[in-house]
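Enquirer: Sequence:
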Amino acid sequence: MLQDRSTKVHEGKKKEISAALFIERIYRGHIGRKVTRRWASKKSEIEAINALMNASAVCMQRMWRGHSGRNVAKQLRKEMTEFIACIRIEEAKADEIEYWKTHKVARFKKKKNAK
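The working numbering numbers the first residue of the sequence shown as 709 and each following residue consecutively.
Quick caveat, the hints were computed from the structure, so don't treat them as lab data.
Treat the hints with caution; some may be incorrect.
As the list claims (entries may be wrong) - In silico DMTMM-like pairs for lysine to aspartate or glutamate, Cα to Cα no more than 20 Å straight-line: (1) K817 - E804; (2) K809 - E799; (3) K722 - E732.
Please take these sequences and the hints and turn them into a complete structure.
Expert: Structure representation (structure tokens):
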């Protein structure tokens, strides 16, 4: 009889421990799923912020490259204008020299009027 009672108590404690372990396991799973949901939410939030920052950086880079490209083009146009002006001045000088070589009388009159 004492042994039966001892076995029943032992079995009762075993069932109690088993039930406690079951409850703990279920609770840990619940907490794990809850944490995972929060983590996934935070992760998607962080990814959205990163995407926004990326888009902002790309926009700023695009604006800067456009600005600096326009400045470079403006400088190149200015240099080209100056180069063309120099070429035209040289051509005008060459044309004048050629003109005076072929028009000796006009050159003589020019020199006479200059004195």
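Enquirer: Checking one constraint from the list: CA of K817 to CA of E804, max 20 Å. Satisfied?
Expert: It holds: about 15 Å lies between the C-alpha atoms, which stays within 20 Å.
Enquirer: Sort out whether E732 lies within 20 Å of K722, counting only the CA atoms.
Expert: At roughly 15 Å apart (the allowed maximum being 20 Å), E732 and K722 satisfy the hint.
Enquirer: Assess, step by step, whether the Cα of K809 is no farther than 20 Å from the Cα of E799, and give holds or violated.
Expert: Holds, because 15 Å separates the two Cα atoms, which is no more than 20 Å.
Checked against the numbered hints above, the structure breaks none of them.
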